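Peer 1: Using the working numbering, you'd call the opening residue of the sequence shown number 861 and step up by one each time.
It cannot be assumed that every hint is accurate.
[Claimed, not checked] Below, in silico cross-link-like pairs of lysine to aspartate or glutamate (EDC-like), each with a Cα-Cα straight-line distance of 16 Å or less:
#1 LYS922 to GLU935
#2 LYS922 to ASP956
#3 LYS922 to ASP873
#4 LYS888 to ASP956
#5 LYS922 to ASP962
#6 LYS922 to GLU877
#7 LYS888 to ASP962
#8 LYS922 to GLU899
Just so you know, these hints were derived from the structure itself, not from any lab. Keep in mind that this is a model prediction, so the values were computed, not measured.
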Amino acid sequence: MPTRFATVEAYIDSFSEQVGERLRVIRKIASEVEPGAGERISYGIPAVMLDGWDVVFYSGWKRHVALYPVPGGDEELDRDLDDHRAGKGTRQFPHDRPLPEDLVRRVVAALANQRAGGTEAGKAPRS
């Protein structure tokens, strides 16, 4: 049975130093982009929350860290994320390359803006 984590810190601490540091950078970027955001474990991985809604998720893996989902509606951001495409709703950042912090910042900001604008119709707040 997979490990269940009670906190984001416990999740991050379960990884190697290299992966944990990359996850901490993503966490820090999210808190800088959205200072009032909360966090929790959702679907077994860290989630950044705004007004009770999950906005962005991130996870650590052996060869990469990932961000979910992918924001829509910004062609320039889509192009910039193309090299990191791993699936329809996932972007991966391999450990053998520097973490593109500005790109992570743009993804978090775009997802927060989408959520604030209510562009994910039909989604109910998470409690």
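Peer 1: Hint by hint, say whether it matches the structure.
Peer 2: Now for the hints, and whether the structure bears them out:
Of the supplied pair hints, the one linking LYS922 and GLU935 is violated, its CA atoms being roughly 30 Å apart against a limit of 16 Å. Distance hint between LYS922 and ASP956 is fulfilled; the C-alpha atoms sit about 11 Å from each other, no more than 16 Å. A C-alpha spacing of about 14 Å is found between LYS922 and ASP873, which places the hinted pair at or below 16 Å, so the restraint holds. A C-alpha spacing of about 21 Å is found between LYS888 and ASP956, which places the hinted pair above 16 Å, so the restraint is violated.
Proposed proximity of LYS922 and ASP962 is contradicted: the alpha carbons are some 23 Å apart, above 16 Å. Note on LYS922 and GLU877: the hinted pairing holds, with a Cα-Cα distance of about 12 Å set against a maximum of 16 Å. A hinted pair counts as satisfied when its Cα atoms are at most 16 Å apart, and LYS888 with ASP962 qualifies at roughly 12 Å. The suggested pairing of LYS922 with GLU899 is violated, with an alpha-carbon distance near 23 Å, which exceeds 16 Å.
The structure fails hints 1, 4, 5, 8 (numbered hints given earlier, in ascending order).
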